[in-house]
Amino acid sequence: MSEHHHKETFVTKYIFSQDHKMISKQFLVTGIFMGVIALFMSMIFRLQLAWPEKSFTIIEAFLGNHQTDGILNPDIYLALVTIHGTIMVFFVLTAGLSGTFSNLLIPLQIGARDMASGFLNMVSYWLFFISSVIMVISLFVEAGPASAGWTVYPPLSALPQAIPGSGAGMTLWLVSMAIFIASSLIGALNYIVTVLNLRTKGMKMTRLPLTIWAFFVTAMIGVVSFPVLLSAALLLIFDRSFGTSFYLSDIFISGEVLHYQGGSPVLFEHLFWFLGHPEVYIVLLPALGITSEIISTNARKPIFGYRAMVMSIIAIAFLSTIVWGHHMFVSGMNPFLGSVFTFTTLLIAIPSAVKAFNYVTTLWKGNLQLNPAMLFSIGLVSTFVTGGLTGLVLGDSALDINVHDTYFVVAHFHLVMGVSAIFGMYAGIYHWFPKMYGRLMNKVLGYWHFWITIICAYGVFWPMHFIGLAGLPRRYYTNTNFPLFDDIANVNVVITIFAIVGGVAQILFLANFFISIYRGEKSTQNPWKSNTLEWTTPVQHVHGNWPGKLPVVHRWPYDYSKRVDPNDDNSDYLHGKDYVSQITPLLEGEEPS
Amino acid sequence: MLALFYIFIFVAIGVSFWQITRILNLRSSIANDNDNAKQGNYALLFLVFLYAMMIYCLIALNVIMLPESASIEGEHDDNLFNITFWLIGIVQFGMQFLTFYFTFKYKGNNNNKARFYADSHKLEAIWTITPAITLVILIGYGLWQWNNTMDLSNAENPIVIEVYSQQFRWDARYAGEDNMLGYGNVNFIKGINTLGVDMSDKNAQDDKQVTELYLPKGRKIHFRFRSQDVLHSAYMPHFRAQMNCVPGMVTEFGFTPKYTTEEMRQQSEVIEKVKGINKIRKAKGEDPYEFDYLLLCNKICGASHYNMQMKITVVEQEEYDKWIAQQPTLSTVINN
Chain A
1 MSEHHHKETF
11 VTKYIFSQDH
21 KMISKQFLVT
31 GIFMGVIALF
41 MSMIFRLQLA
51 WPEKSFTIIE
61 AFLGNHQTDG
71 ILNPDIYLAL
81 VTIHGTIMVF
91 FVLTAGLSGT
101 FSNLLIPLQI
111 GARDMASGFL
121 NMVSYWLFFI
131 SSVIMVISLF
141 VEAGPASAGW
151 TVYPPLSALP
161 QAIPGSGAGM
171 TLWLVSMAIF
181 IASSLIGALN
191 YIVTVLNLRT
201 KGMKMTRLPL
211 TIWAFFVTAM
221 IGVVSFPVLL
231 SAALLLIFDR
241 SFGTSFYLSD
251 IFISGEVLHY
261 QGGSPVLFEH
271 LFWFLGHPEV
281 YIVLLPALGI
291 TSEIISTNAR
301 KPIFGYRAMV
311 MSIIAIAFLS
321 TIVWGHHMFV
331 SGMNPFLGSV
341 FTFTTLLIAI
351 PSAVKAFNYV
361 TTLWKGNLQL
371 NPAMLFSIGL
381 VSTFVTGGLT
391 GLVLGDSALD
401 INVHDTYFVV
411 AHFHLVMGVS
421 AIFGMYAGIY
431 HWFPKMYGRL
441 MNKVLGYWHF
451 WITIICAYGV
461 FWPMHFIGLA
471 GLPRRYYTNT
481 NFPLFDDIAN
491 VNVVITIFAI
501 VGGVAQILFL
511 ANFFISIYRG
521 EKSTQNPWKS
531 NTLEWTTPVQ
541 HVHGNWPGKL
551 PVVHRWPYDY
561 SKRVDPNDDN
571 SDYLHGKDYV
581 SQITPLLEGE
591 EPS
Chain B
1001 MLALFYIFIF
1011 VAIGVSFWQI
1021 TRILNLRSSI
1031 ANDNDNAKQG
1041 NYALLFLVFL
1051 YAMMIYCLIA
1061 LNVIMLPESA
1071 SIEGEHDDNL
1081 FNITFWLIGI
1091 VQFGMQFLTF
1101 YFTFKYKGNN
1111 NNKARFYADS
1121 HKLEAIWTIT
1131 PAITLVILIG
1141 YGLWQWNNTM
1151 DLSNAENPIV
1161 IEVYSQQFRW
1171 DARYAGEDNM
1181 LGYGNVNFIK
1191 GINTLGVDMS
1201 DKNAQDDKQV
1211 TELYLPKGRK
1221 IHFRFRSQDV
1231 LHSAYMPHFR
1241 AQMNCVPGMV
1251 TEFGFTPKYT
1261 TEEMRQQSEV
1271 IEKVKGINKI
1281 RKAKGEDPYE
1291 FDYLLLCNKI
1301 CGASHYNMQM
1311 KITVVEQEEY
1321 DKWIAQQPTL
1331 STVINN
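Protein chains in written order, with my numbering: chain A, 1 to 593; chain B, 1001 to 1336.
Bound conformation, chain A alone:
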């Protein structure tokens, strides 16, 4: 394919690359870097929560003028939770997860030579890179980075008088996020166009792997909701810098009445959560898509209920855009509106339940190949269920009154979207590492990584539900000022120990990842005996993905263990082996699945 063979320099190949495979690796490595920062922050503030009056040299070493004798200052505690949330949600689980796997898998799994626009794809990455750099720079601003919580509700985020982080730190936060949103939008548009237009011959929508369905629908939610966050951020910039009053009204602070009239912070909350809630599914759906693919491949079984899985992805996506108000039950919003949001919110439980049951049914009577990727996928099912169920408490407005903004919420969303999504990301990395780097990651380190991580994840977040039910609000620098919460101190110590062990254990992953790039066992073309198209490409990357013609698709991606007699488990495999690539034509008389 001569038209795909450009002369490549170091710069066009490794830096300003337009090849989706290289861009995906760039997203992944940047995401991992940001993840390390955010994880480290969480370990620092967990130290504070467990031992509030104790001095730590590690805090002294890293926090500069934001600590006194190794003890965190209260405003920097808030900055740490703010930046931890922002980086994890946006930079790791949105860009790091979607950016990596949408880029890697969309062209490879639909049989395309590259993204619809390689150039825009490159622009998307570099905007993400710039926004990451700005976010990291904001950590070094003298008054500290943004500290109004990752939701940056005004007036706190608008007034530097209210908290020091709302000065230059907040400005950089907003600039970084605006660029980030541009990056996400460009990426998302590219994914949608690519899936719709560049599918190879025979790749009908009903034959798409569930990964692609998930990425495709995720991109659509992103296109619908991210622009609204951009507007919210722009209006906040206006209020902060140009004296407008979109969100502010009747404020008396530092001994003076400010000029703002007629705005409302509730408007910001609506705009923020119009993105903020779909964002949860922007994070989660790709992880669920990855899990579907990995569970099916490693169970050597078709995913159970392919159509139901697609329908639930679409249903979740649709519902996700009309539930944002459940973050605002006690915001002062009209109670009737609260009722509507309770109704739509609890409806989401139905497609979510279908997904969970379908995963478990896929495991049933499988021949499970327990690779690290498979374990992380099973872990995702577990944490998705645990975290999802408490959503029934939080989504019910009457119950939300009393657990709103407590540690119960922190436990809920960390399990259902934090841990679950990161498990999906890890599963994806272990599974597609050979496709990215032509080598396999070490399985023994992978096993250690998985078991330590899941034990610590539960050790951190299960007890956290109970301190929430004790009434402890989140974002408290310490709870020592309330004798009422003195009996929570021991629980906090246990949580912190699990958090630190779990956090440090991620070194196992980092070491495995970076060492395997150079030293890992060389991969064969199709190491996991998978059906999807990416495993029909050569191990060594070629520009345009397939050296010859594009593959032609003849079947859906889940013909695992298909038998001669579909009703007899003991009959022979129809194709002589337990997997049938999508490019294998139907045998004479073979029923398509």
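These are calculated hints, taken from the structure and not from any lab test.
Quick caveat, the model's predicted, so the values are computed rather than measured.
Any given hint could turn out to be false.
Claimed, not checked - Just some of the chain A residues that point at chain B, by a computed CB distance under 7 Å:
| # | residue |
| --- | --- |
| 1 | LEU368 |
| 2 | ARG475 |
| 3 | ASP487 |
| 4 | TRP546 |
| 5 | ASP568 |
Said to hold, decoys possible - Quick partial rundown of chain A residues pointing at chain B, CB under 7 Å, derived from the structure:
| # | residue |
| --- | --- |
| 6 | ILE378 |
| 7 | VAL381 |
| 8 | LEU389 |
| 9 | LEU392 |
| 10 | LEU394 |
| 11 | LEU399 |
| 12 | ILE507 |
| 13 | LYS562 |
| 14 | ASP569 |
We put the CB at the ideal spot given by N, CA and C, even for glycine.
For this one, chain A is given, so just place chain B on it according to the hints.
Structure of chain B alone, referenced to chain A:
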């Protein structure tokens, strides 16, 4: 420099893995039957760990959870919570069992074959319809209770109290004899008129500004919340009550206290919790703690967010009448 030292330690750990992987990589990187067998067994062990931890927390941490609702409206919250909790508890234990037991039971083996089982409309119908019916019940009860709590229009003879928030303190203003609050706005803040009450408003004259809440048992309290600077949230966990305080608008919430502070202190759940707390306090050499209702800030509001609280005391009606009579009216405090 210390930071460099820590970074050096992390890098050193990473490098040591380098050598370990070299040895480990002599083995294949894809799970074989031996790995499947091992990991499958670990899945079962993990299930045991998970069950043990979940049950342990449910029992051992029960004591730290909030006691029964101290407001009449909150009774149904507790009911609904219990129903929901049992329901999700059962599903949680069931689903975790299936997930990890299947991982153990169907761990891969070269001699086994997976079953080709792609679809079953019957099964899918079951697990679409069952959650749907369950949700109808939860939503129905939940919405009934929500309207119950949020609708303040039918309250008979409520006591109107303004709860006023600022960085980092709470104040309260009782509506006085006329049970009508005088108009307030930040433009009127001046000197000791810290709540910005318009003193030309006739409803404001008998208002009473206090720093602690006293509530009579059995009377509906109608709270009106204001904030002068950033968002705060008035969280009264024992009453199952919470509402944000939003600058530029007035928000509302209401409840009827069910137990006086004294009665609450005699409750078995509270006694047990306080006992636990005092054991810990004694070990640290601190004064013993006595139970009190609290109003806490539950919306991030700045550096001292973690220390923004107000004491609430619930008393019998007669005692409340005596207390409120002693509080000076705004007109006497401000106009003099």
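Verification of the hints:
1. LEU368: Hint holds; LEU368/A Cβ to chain B Cβ min 5 Å, cut 7 Å.
2. ARG475: holds (5 Å)
3. ASP487: holds (5 Å)
4. TRP546: violated (24 Å)
5. ASP568: violated (10 Å)
6. ILE378: holds (6 Å)
7. VAL381: holds (5 Å)
8. LEU389: Because about 4 Å separates LEU389/A from the closest Cβ in chain B, which is inside the 7 Å limit, the hint holds.
9. LEU392: holds (6 Å)
10. LEU394: Check failed: Cβ of LEU394/A comes no nearer than 10 Å to chain B, outside 7 Å.
11. LEU399: holds (6 Å)
12. ILE507: holds (6 Å)
13. LYS562: holds (5 Å)
14. ASP569: holds (5 Å)
The structure shown violates the earlier hints numbered 4, 5, 10.
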